Amino acid sequence: MRLSVLILEDERPVREALARDLAGFADVVRVEVAEDVPDAWQVVEELDVDGDRLALVLADHRLPGTSGVEFLVQLLDDPRTARARKVLVTGQADQQDTIRAVNEAGLDHYIAKPWDVDELTEVVRDQLTEHVTEHRLDPLPHLRVLDAARVMPLLRERGDR
Amino acid sequence: MNPTERSPEQPRERAGGAHAAASHGPITDGELTPLVVFVVATEPLAGAVAAELRDGIGDLAELRVVADTDEAVRSLASTAARPHAAASTPEPAGGDLPSTAPGGGGPSPTDEGVPSLEGDAGEPPAVPLLVLGSDVGRVDAAIGALDAVPELTSAATLLITDRHVHDDLADAVDRDRLDGIIAVPWTAGTLGGHARSQLARWLSYHRAGDPRSAQLVDERSRPLQLPDSALLRDLELSPTEVSTNLLAGIERVLGPRPRLRLPPGVRLTHQEVGLDAVFVILSGSVALERSTRVGDLRLHHGSTGPVVGLLSLAQQRRAYFTARTTTDVELVHLTLEQLDRALRSEPEVVGAMAALSIRALADRLRRAEQLQVEKVELNRELDDERRRLAGALKELEQARLELVEQARFVTLGEMAAGIAHELNNPVSALRRAASYVGDDLERLLASHPDGEVAREAMITARDRPARTTARERAVRRELERALGDRQLAHRLLAAGVEDPVQARRLADRGEAALELAEAGSGLGGAVRNLDVASRRIAELVTSLRAYARPDGDPLEGVDVHAGLEDTLRLTAHRLGEIVVERNYGDLPTVRAHPGQLDQVWTNLLVNAAEALGGEGRIEIVTDAPDDEHVRVRIRDDGPGVEPEVLERVFEPRFTTKQGTVRYGLGLGLAIARRIVDHHGGGIAMVSSPGETVVTVTLPVAGPPDEEAA
Amino acid sequence: MPASTYRERVELARPNRLQTVGLLLGAVVFVVPLVVDIPDLAPVGQRMLAIFLLAIVLWVTEAIPLVATAVLVILLEVLMVSDQALVAVAGDTLAADAYFAALADPVIMLFLGGFLIADGANKFALDRNLAGVMLRPFAGRARRTVLGLMAITAVLSMFVSNTATTATMFAVVLPILAALPAGPARTGLALAIPVAANVGGIGTPVGSPPNAIALGALEAQGEGVSFLGWMLLAVPLMLVVLLASWWLLTRRYIAADTPMQLELSAEFDRSPAAIVFYVVAGGTVLLWLTEPLHGISSSTVGFVPVVALLATGVMGGEDLKTLQWPVLWLVAGGIALGAGIGATGMDAWLIGLFAWDRLPLSLLLVMLVVVGLGLSTVISNSATANLLVPLALTLAVGLPIDVTAVGVMIALSCALAMALPISTPPNAVAYATGEVDTRAMASTGLAIGGFGAVLVAFVLPWLWDVLGLL
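Residue numbers (this note's numbering), protein chains in the order written: chain A, 1 to 161; chain B, 1001 to 1709; chain C, 2001 to 2470.
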């Protein structure tokens, strides 16, 4: 099982830039990109088939025909995605959207465009760590992309063998 | 009771007046109405009253003595019925009457049917006077019963009473049905005098011009038997007559007084200054003024009265007003001492003085009351005015807010123009740099020994057409299957290699080559994204510039579609998730102010978007209905505009969102219409639930020439 | 924030190829002794052999979790070779409770106390504070700091499980690790922690599970070793190997001038609960170390803190729940396995199988050590001990060597296996940090393990003999 990060962004240059900024995670975490909501659900399907786990969604707010917030709310209705951490990456969500994202979609973080690479990777690391600790996943396979100090207590509980 | 002092609301006066006006035309000698005076009383009072009345009114009226009100009513009813019966069966009028009338002049059988009365067939008798004895029982009830007969309602009523207290008169007093109360026993002749006076008064009100009045009144329409007092007499006279009398009395005491002739503007008294004299005005007019916080007020002019200074005597001899002549005035100056002597010596002067004072006071009081009424009326008008003003103020504030908003957007527009201008240089540099970087990288890699791999990867990545993310994943899966190594497949994809055969070849060339290809591919993607992004910025800047272009002369060759596209690009953030569908027809270019047209499109689109509430469809249809015009229709599938709103939707300041001034609303459509009007075009909105269409038609030729100049 | 209403799905792990092979092979090796008649082995012994072979396969392949194999062993023993066997069998059988008793073996009690003290140390941050205090003398230069870190790790590891020690120490070291420039220094530091934790684990009976397994087996043979006795046997080796490891790691990876700053604050919890804990923990360790004076067995002493901490409410049900019960049961499985082998006559059959005494003793010892080291490099240390200790003790009975020495040697050689990420959990943690690659870990682990094995096989018996410990 690999943890995976889904990037939902309709503009190709932005999508590619996000994926490239997360390249450092790619050899531990599965990074998938989707250009629209149907494709994002396709990715969820593929992850499920491969036995991988959706741990984090980075969604743009403005998407053709819908909004990132809408998608984040939808995620809550599917057991495969309900537990994924949710981050909005956008320059355009107004206060109303953001309030809804926090209240209804359980938004975990908000990254404003244009983003800072260090901030982005830090947020991703932090959210993945949260996901692992919250659901008490085995952190060892993913330790390199996690905040190791924070997951050490999880390791502590496993005994010698 | 002086009838002129009756309030106009008094019921009887009005009824009587109406009666007189309605029933009686000009009265001629030939058809005099017979008059009947009723005495409702029992013996012995009835006899005494009848005797007195007969002395008082003589044969001017028939006297009927009845014992109670019923009898009076019956008697009158038979009299009134007589005109119909008279022709066939002349019957003595007294046939129905009791023969109890005492003394001479009573309705004895011989007196009955006064020929003049009998002969006036068709004319019912009038009843000018009722004399009511207190022995009829409750007076209110008696008068009430008598009033059931219309002829009796206008009769004056005298009550003859031997009681000390009456508590049965409230209704009669209230309805003004009681004209006099005479206590028993009365001084001989008093009752007759009363009756005569009442009769005279009744005739003067109800039968003006009746010759019988002549027997009762003198040449001045005054009852003959007046009180003897100078005061009451003087009150009856005109002010000029009284002042003439006064002056005559004074001169009788003091000898002739010199007349002073004064021009207008002379002050006779000074406010709050001591005054030891009075002025008797013989001709001309004087105004009374008082200086107050709000300036000099002229309080009396017509109501000044012929004696000035009289009232100061009641206020420690300080003048309350400043009296100022307003015309040429002739007057007589009297010191207090002179006045005092005259008053002491001549009773005529006292009466005249008192009468003048009472008149002056009465006039001034009326004036004050009139002022009070005027004040209330003014206050009401003031209130109305204030309310109107408050409403106007609110509307003004609303308009101001919208103007401020509009001004803000004008400022924003100017700022946008400035920013667009400033962005020009960096954007140009960015565009060029993107292209140079690409070229130079190609050259650089070509010179590198192993550069070919990187160069190929770069060109592949740069020129690779966009595809869906789903397609990209499919390619990756294929590669994963072919290579059996997920990590490697990932890296090869990153290096831009998709063909499994090619991929294997690259993988076989070793780590260094793979890394080189990855770097090259990354460069290619970056160069492409740089190009795409900078081109987009350039487009936005162009749109912004076109949008914010300052108005000058209308331009030839304006492309309506380009303006629509620019506007759509710039309002994209407001359109949100609304789907915009374009149905562009072939349009000729038009002559127009492109910036203004963009404003029209912005206002219409934003208005449609607001109506949709962020969700729905907007369709833009353009066509050319004829060679001279282009037409733009903006259709939304929002809830629609109500009919009563629709007809005012282009009016300035109209907004369907009450109390809130929102961009694009209120003034937005009004501004759109103004711009379209200026261009010589037309704008119209048609709306039903689910479909609202705004149609803008513009002439190809552009604004009329005088507008352009 | 809307709480997710979905339960975590329990995913059944899909068996990998090795596990599939393990399941199939396990079935085969389980059935063969039951159907094939084995000479000189009584039917009950044959059944035991079947269980033993199954346990080998399952523990080696990890076709099912280690702890599952352990409880499976107990269940199969009860069902097949106890007095309550489903199909009665001729021969000596133990009562069923004897096998179940493995779950509450005195050694388990000893471990229970050790675990609870270790958890309490974490709960009251005693471990970190001790580390901070102990590190102070070593601050300054990089190599000395590493020595300090290793010493502290080893000391903690003597009383706390190796894994927990590693987690605690990595939490301390990660900031330094991040501050170091990428390169060998990071590798060296990241290796120092698991190496020290592994080596430190041999220092006391509660240091790591193989110790307990050996101890349990020895006690079953009537050859009990006291807490202090074990330390005397093992600590010299621990110290030597630790120093050698430090020398190797620093020479290989950490340049003397590497900048390394480590400031640890030590703020001891002074709450009444913490103080009670300090007293109980200190008293327990003191009693363990003074067993010759008072004669109370270390197992009994180990149960004292359990009672004291629960009674005072310093620790409670939640703390009991988080104890590493799988480890305790894994040990219990080994004890039960040893008991079964002894009780079914399988031990006699093993001895009779080969003329062991014809082999040179030293060769036999080397063989045991190498097998222990090799097996535990690729499979669990405890499983290795579970399999090897009963066999080795059986063989030792007929040899001119102290049984205790053999048991301890097996346990020590298991603890020295650290060549692969899968060898021990500390190794896995270090590897997962991404700072250590397999090659570095293998070369270092082989060097240290080889050096330690040589000492265990050739020097320790002599030393113990010289010191008169056995």
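Since the hints were derived computationally from the structure, they do not count as laboratory data.
Among these hints, one or two may not hold up.
[Said to hold, decoys possible] Listing some non-contacts, in silico: residues in chain B with all C-beta distances to chain A over 10 angstroms:
#1 Asp1328
#2 Asp1463
#3 Glu1472
#4 Arg1473
#5 Asn1529
#6 Glu1577
#7 Val1579
#8 Glu1610
[Unchecked claim] DEER-style ranges, computed between Cβ atoms:
#9 Ile2064/C x Gly1576/B: 50 to 60 angstroms
#10 Gly1576/B x Ile2422/C: 26 to 36 angstroms
#11 Glu119/A x Ser2443/C: 31 to 41 angstroms
[Unchecked claim] Short, incomplete list of chain A residues facing chain B, as computed with Cβ under 10 angstroms:
#12 Gly24
#13 Glu46
#14 Asp48
#15 Gly51
#16 Arg62
#17 Glu134
The structure presented is a predicted model; accordingly, all values stated were derived computationally and were not measured.
Positions of the beta carbon are idealized from the N, C-alpha and C atoms, including for glycine.
These are the hints, each one checked on the structure:
1. Asp1328: holds, 84 angstroms
2. Asp1463: holds, 14 angstroms
3. Glu1472: The claim is violated: Glu1472/B sits with its nearest Cβ about 8 angstroms from chain A, within 10 angstroms.
4. Arg1473: violated, 7 angstroms
5. Asn1529: violated, 4 angstroms
6. Glu1577: Not fine: 6 angstroms to the nearest Cβ puts Glu1577/B too close to chain A.
7. Val1579: violated, 7 angstroms
8. Glu1610: holds, 15 angstroms
9. Ile2064/C x Gly1576/B: 50 to 60 angstroms: Holds, since Ile2064/C and Gly1576/B (Cβ atoms, about 56 angstroms apart) stay within the stated range.
10. Gly1576/B x Ile2422/C: 26 to 36 angstroms: Because 54 angstroms falls outside the window, the suggested range is violated.
11. Glu119/A x Ser2443/C: 31 to 41 angstroms: Roughly 39 angstroms apart at Cβ, these two residues keep to the hinted range, so it holds.
12. Gly24: Violated: closest Cβ of chain B sits about 13 angstroms from Gly24/A, beyond 10 angstroms.
13. Glu46: Because about 7 angstroms separates Glu46/A from the closest Cβ in chain B, which is inside the 10 angstroms limit, the hint holds.
14. Asp48: It is violated, given that the least Cβ distance between Asp48/A and chain B is near 14 angstroms, above 10 angstroms.
15. Gly51: Result: violated, 13 angstroms to nearest chain B Cβ.
16. Arg62: Arg62/A check passes; min Cβ-Cβ to chain B is 8 angstroms, inside 10 angstroms.
17. Glu134: violated, 27 angstroms
Checked against the numbered hints given earlier, the structure breaks hints 3, 4, 5, 6, 7, 10, 12, 14, 15 and 17 and satisfies all the rest.
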